[in-house]
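Protein chains: 4
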Amino acid sequence: MAIFNNKNKEALELGFGTKNYSNRVRFLGTDGKVNVHRAGMGIKNLDVYHWLITTSILSLVLVILSSYVFVNLIFALVYYIIGPQNFGGLDAETPMQQFINLFFFSAQTITTLGYGHIYPVGNAASIAAAIESLLGLLTFALATGVLYGRFSRPKAHLLYSNNILISPYKTGKGIMFRIANRKQYELIESEVMVTIALNNLETQKREFFNLKLEISRINFLALSWTIVHPLDEESPLFGLTKKDLAERDVEFIILIKAINDTYSQTVYSRNSYKAEEMVENAKFKPLTPEANKRGRVRLVVTDIHLYDVVS
Amino acid sequence: MAIFNNKNKEALELGFGTKNYSNRVRFLGTDGKVNVHRAGMGIKNLDVYHWLITTSILSLVLVILSSYVFVNLIFALVYYIIGPQNFGGLDAETPMQQFINLFFFSAQTITTLGYGHIYPVGNAASIAAAIESLLGLLTFALATGVLYGRFSRPKAHLLYSNNILISPYKTGKGIMFRIANRKQYELIESEVMVTIALNNLETQKREFFNLKLEISRINFLALSWTIVHPLDEESPLFGLTKKDLAERDVEFIILIKAINDTYSQTVYSRNSYKAEEMVENAKFKPLTPEANKRGRVRLVVTDIHLYDVVS
Amino acid sequence: MAIFNNKNKEALELGFGTKNYSNRVRFLGTDGKVNVHRAGMGIKNLDVYHWLITTSILSLVLVILSSYVFVNLIFALVYYIIGPQNFGGLDAETPMQQFINLFFFSAQTITTLGYGHIYPVGNAASIAAAIESLLGLLTFALATGVLYGRFSRPKAHLLYSNNILISPYKTGKGIMFRIANRKQYELIESEVMVTIALNNLETQKREFFNLKLEISRINFLALSWTIVHPLDEESPLFGLTKKDLAERDVEFIILIKAINDTYSQTVYSRNSYKAEEMVENAKFKPLTPEANKRGRVRLVVTDIHLYDVVS
Amino acid sequence: MAIFNNKNKEALELGFGTKNYSNRVRFLGTDGKVNVHRAGMGIKNLDVYHWLITTSILSLVLVILSSYVFVNLIFALVYYIIGPQNFGGLDAETPMQQFINLFFFSAQTITTLGYGHIYPVGNAASIAAAIESLLGLLTFALATGVLYGRFSRPKAHLLYSNNILISPYKTGKGIMFRIANRKQYELIESEVMVTIALNNLETQKREFFNLKLEISRINFLALSWTIVHPLDEESPLFGLTKKDLAERDVEFIILIKAINDTYSQTVYSRNSYKAEEMVENAKFKPLTPEANKRGRVRLVVTDIHLYDVVS
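So the sequences go chain by chain: A, B, C and D. Residue 256 in the working numbering sits at position 256 of the first sequence, with consecutive numbering throughout. Residue 202 in the working numbering sits at position 202 of the second sequence, with consecutive numbering throughout. Residue 265 in the working numbering sits at position 265 of the third sequence, with consecutive numbering throughout. Residue 19 in the working numbering sits at position 19 of the fourth sequence, with consecutive numbering throughout.
One or more of the hints may lead you astray.
Same chains, same names: a pair is fine if it fits in one copy or spans any two.
Straight-line alpha carbon distances no greater than 27 Å define the calculated DSS-like cross-link-like pairs of lysine-lysine that follow [said to hold, decoys possible]:
(1) K33 <-> K173
(2) K44 <-> K243
(3) K205 <-> K293
(4) K44 <-> K274
(5) K293 <-> K33
(6) K212 <-> K170
(7) K44 <-> K33
(8) K243 <-> K293
(9) K205 <-> K170
(10) K155 <-> K33
(11) K285 <-> K44
Rather than coming from a laboratory, the hints here were simulated on the basis of the structure. Being a predicted model, the structure only gives us computed values, none of them experimental.
With the hints as constraints, model all of the structure from the sequences given.
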């Protein structure tokens with residue numbers, strides 16, 4: 001059962017459009033991100049949760065820290081306007097130090113720490129503190145969700161060979177790349193689809209073809225997997241050289257679907273190769289996994305990049 | 001592999017029934033909500049979690065704030081009945097101010113803030129405070145779940161063209177609308193089903209037909225997608241004008257299924273068009289995405305609404 | 001595409017075995033629970049998380065409250081053994097009141113409330129309090145997960161008609177029951193499988209058959225759905241009366257699969273009918289949903305139970 | 001509909017490679033873990049979340065406790081460097097006791113307990129405490145996610161018979177093993193795939209074959225399920241004895257997929273049998289579930305291990 005729409009071998013609709021751009025286009029970055037910026041709806045194009053889930057750890061830490069400082073400054077200002085005399089235990093001498101102490105009081109309130117050596121006395125101060133502690137709890141509820149969302153997000157940590165090769169294959173040639181799982185969890189029922197985009201030099205349109213693969217599905221991705229497109233007469237790339245493909249601004253668009261069985265999650269991985277990552281007359285070095293005496297197999301995943309030039 | 005039940009082209013069962021209502025009916029709102037109110041089971045028809053997950057942010061904030069005030073009022077009352085003399089640090093002069101201070105004490109307890117300048121002394125007061133702090137933790141555990149549920153809920157932020165057009169298509173005509181993804185995440189393996197509901201003027205029953213589509217599935221929804229139903233002789237709408245369709249109270253019911261691959265979630269989007277959103281003799285303006293020098297493509301998604309009148 | 005294994009119309013393996021029990025057996029309760037107790041592995045048969053997720057709200061509240069009291073008693077005892085003199089602010093006169101105050105101190109510690117009017121002074125007391133507060137946080141982290149797990153658990157709130165009818169159907173008869181969704185979210189792509197279990201009076205084995213249905217899948221479950229098995233010559237029930245079926249201890253085992261599109265979750269619902277819930281010579285009353293002027297349809301879901309006796 | 005890739009009955013690609021190791025290899029442990037260590041990317045091979053989710057409870061508790069002590073030691077050191085004179089209520093006489101009290105203050109801060117009998121006075125101390133309480137909240141947000149992730153992780157608690165038997169089957173023989181669900185939740189739509197790996201003595205390559213099963217899918221796994229591979233002429237094992245299979249280092253690789261319908265989660269279970277777990281001329285004892293008067297069936301799941309030797 002094919003999960004992907006492989007039937008139409010003619011110029012197929014991938015949702016990338018058929019426009020032939022004057023600049024060279026790479027629809028998929030090597031990080032798997034689609035290279036399209038969607039504008040026109042102002043703030044409705046934004047997606048805060050998506051950003052929080054996918055941004056780097058460093059950005060996230062900076063956002064959390066600066067929000068923390070900012071919110072505490074706001075509440076320190078509110079408390080200061082209400083008046084330092086409405087707080088017990090606030091024995092500061094200068095207005096500046098009063099403000100700073102109210103800043104710390106705010107931090108102790110929003111985290112629900114509440115040492116209590118400073119405490120609200122008047123009603124306004126108590127109301128503001130009650131609101132701040134509720135806000136703190138809700139914010140940290142949100143933070144819990146975001147952190148859980150980040151860590152539990154389905155991910156396929158696939159390693160792709162740096163290059164896509166034109167290799168000897170059976171009596172002819174084939175286009176090949178390799179993948180491996182670089183984490184310790186298992187991927188099962190992996191399935192791959194390879195599509196190429198290339199400019200039609202006659203019609204000046206960008207065309208898309210699905211490439212027929214020798215094997216498009218495997219049950220376990222325990223070691224590595226070499227994905228092969230035979231360059232036979234049925235192939236839309238039959239007879240084309242790397243130079244021809246570069247001229248047509250070729251892009252190999254790869255979509256892999258698998259199940260991460262630690263979490264029973266379906267995961268997706270995307271990658272693309274352009275002509276500059278193509279190597280002609282080369283073949284991958286066989287991997288050399290070793291089994292120790294207890295029957296455990298050790299594989300160096302980065303060996304999937306290695307290839308030999310063939311004459 | 002079709003995921004939807006497309007086989008039966010004759011009056012098919014959608015679960016909407018075949019009753020021909022005397023009032024005009026729109027089964028699907030433009031917000032994708034099914035326009036049915038289910039009654040008869042009293043409180044068992046209610047679904048609090050569903051409401052909390054789907055209501056607007058504003059409603060949610062109001063519910064949280066008013067619950068916070070309400071619960072603190074209840075506990076302030078309990079503490080007041082137990083007696084202000086059972087609380088240390090409660091130096092208020094009037095009964096009213098005592099009640100207010102106990103309200104703040106309650107807020108400091110339910111959030112587990114616990115400054116401690118007011119504290120329970122007697123056993124009854126301590127028991128009530130122990131219960132309130134437990135209640136607070138459980139409530140905020142619930143709030144965490146609700147907030148996470150809201151943000152992690154699978155959503156497809158599709159933009160539908162404002163109108164559905166009857167356009168020139170090949171040698172005849174076709175019914176067309178356009179969609180685009182307005183967020184930065186990617187939708188893959190998108191699939192669409194279009195069903196029409198219309199009154200049969202003879203039998204006085206409401207009939208349902210699936211419309212055959214030129215393409216019903218695409219692998220990436222990177223730019224936009226124009227969904228086309230050819231008005232050929234096989235179409236149940238062949239030969240009907242907008243006026244005919246309005247007379248039969250036509251409704252185009254659209255269901256789109258896709259995979260949001262940031263979260264590997266299957267997402268659904270629904271929409272409907274009625275006769276008043278139909279435009280005859282028009283065709284969509286081609287979109288004009290532009291690629292910058294780094295190969296990044298910029299698309300103005302709101303351009304999908306634009307069309308030209310054709311003679 | 002059938003999701004269920006419908007092909008084998010002969011005695012098929014459901015995983016219930018073919019044993020013909022001497023007592024009457026109902027494999028599926030009307031609550032959808034499979035009526036099997038699995039023993040033999042002691043504590044490894046237990047599943048605490050499953051219990052916490054599926055038990056009633058009342059049981060859950062009782063478990064939480066009694067655990068809270070129990071843990072605080074344990075820590076109060078620890079603190080008492082460490083010695084009341086190691087706590088500041090513990091101005092109780094009798095040993096009993098000291099223990100009670102330490103109990104409240106424990107509650108203020110495990111919830112991280114920490115008023116501070118009682119506080120640990122010695123190292124042993126401080127260590128115990130540090131451990132208790134960590135334990136509290138971890139426990140409430142667990143509670144958050146359990147509560148979220150309960151509320152976000154995929155559920156199909158289907159209402160089944162109280163009875164399964166033998167009704168006139170086309171030129172012969174059919175077996176029918178009705179379902180409706182009693183909540184406001186939508187169920188899409190609903191699919192049903194009906195299997196019967198009955199004793200073979202000759203072989204003394206229990207046999208299982210899938211029943212062929214008029215329609216086994218609908219796209220929306222907006223109103224109600226009458227599921228019909230035609231009693232034609234192909235049916236394994238052809239020619240059998242209610243009395244015959246009771247004699248063979250018949251059980252109709254119903255499995256419904258649908259997608260709750262608020263959460264994009266696949267949900268399952270099970271139910272069973274026994275001979276005593278079967279009514280011969282009856283047919284369901286048509287439902288009477290009404291559309292108001294704004295096109296909104298109101299349905300009384302409990303009307304699905306209603307039927308008329310036919311001669 | 002087969003979910004697994006069963007078509008290619010010839011040497012099929014499982015992602016385990018075809019290398020014939022000099023040491024005996026067991027690709028799947030009896031715990032279902034794939035016996036492959038993936039190296040070569042340094043820290044990028046690590047997966048902390050995966051470890052936290054899958055490690056034993058004991059390891060997790062030890063990691064949490066030692067992290068708690070470690071982080072508090074770090075902050076105690078920071079506070080000590082800032083200077084004990086910057087903390088109110090820190091009435092310790094020796095530097096050592098001052099450090100210990102700052103350690104407890106740190107614990108009271110990171111848990112947001114905040115008794116307040118020790119409190120920060122200077123700005124540096126207040127800033128450090130504000131950072132520590134934020135860190136505490138974020139850490140416990142993470143802990144909430146990890147604990148929820150552990151408990152909500154989809155799991156199939158299948159019990160496999162200790163042995164795989166060569167039993168009489170119809171007129172010939174069959175290879176059989178049994179499974180049962182040992183928990184109280186239900187598994188539905190269970191599907192099994194059995195693959196064998198064995199060395200080809202001629203080519204010195206490791207070959208993989210899918211075994212044809214009598215039944216490969218059942219709707220309910222209410223009692224037990226005996227999975228049977230008929231040893232007929234089509235079988236790649238036809239005519240081979242246990243001794244032959246041991247010589248070829250046979251491994252039966254079993255993958256089971258089912259739906260846990262409490263959580264509507266697809267769950268996977270894997271297991272393997274080697275020649276030493278194979279028993280010739282034996283057959284499984286029939287299970288003896290009993291139904292009580294209320295129609296509830298009791299099954300001793302560990303009985304699935306039992307077999308009788310046949311002549």
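Results for each hint:
1. Taking the closest pair of Cα atoms, K33 and K173 never come within 27 Å of each other, the shortest separation being 30 Å inside a single copy and 37 Å across copies.
2. With identical chains, the CA atoms of K44 and K243 are never at most 27 Å apart, being 43 Å at best within one copy and 35 Å at best between copies.
3. Taking the shortest Cα distances, K205 and K293 sit within 27 Å of each other only across copies (19 Å), while inside one copy they are farther apart (58 Å).
4. Taking the shortest alpha-carbon separations for K44 and K274, only the inter-copy value of 25 Å comes in at or below 27 Å, while the best intra-copy value is 33 Å.
5. When the C-alpha separation of K293 and K33 is checked against a cutoff of 27 Å, the pair qualifies only between copies, where the shortest distance is 17 Å, while the shortest distance within a copy is 42 Å.
6. Proximity of K212 and K170 under a CA criterion of 27 Å is satisfied intra-copy only: 16 Å inside one chain copy versus 30 Å between copies.
7. Proximity of K44 to K33 under the C-alpha cut-off of 27 Å is found in both arrangements, the shortest distances being 20 Å within a copy and 20 Å between copies.
8. Taking the shortest alpha-carbon separations for K243 and K293, only the inter-copy value of 22 Å comes in at or below 27 Å, while the best intra-copy value is 49 Å.
9. Proximity of K205 and K170 under a CA criterion of 27 Å is satisfied inter-copy only: 19 Å between copies versus 33 Å inside one chain copy.
10. Proximity of K155 to K33 under the C-alpha cut-off of 27 Å is found in both arrangements, the shortest distances being 13 Å within a copy and 19 Å between copies.
11. Proximity of K285 and K44 under a CA criterion of 27 Å is satisfied inter-copy only: 23 Å between copies versus 49 Å inside one chain copy.
When held up to the earlier numbered hints, the structure conflicts with 1, 2 and fits the remainder.
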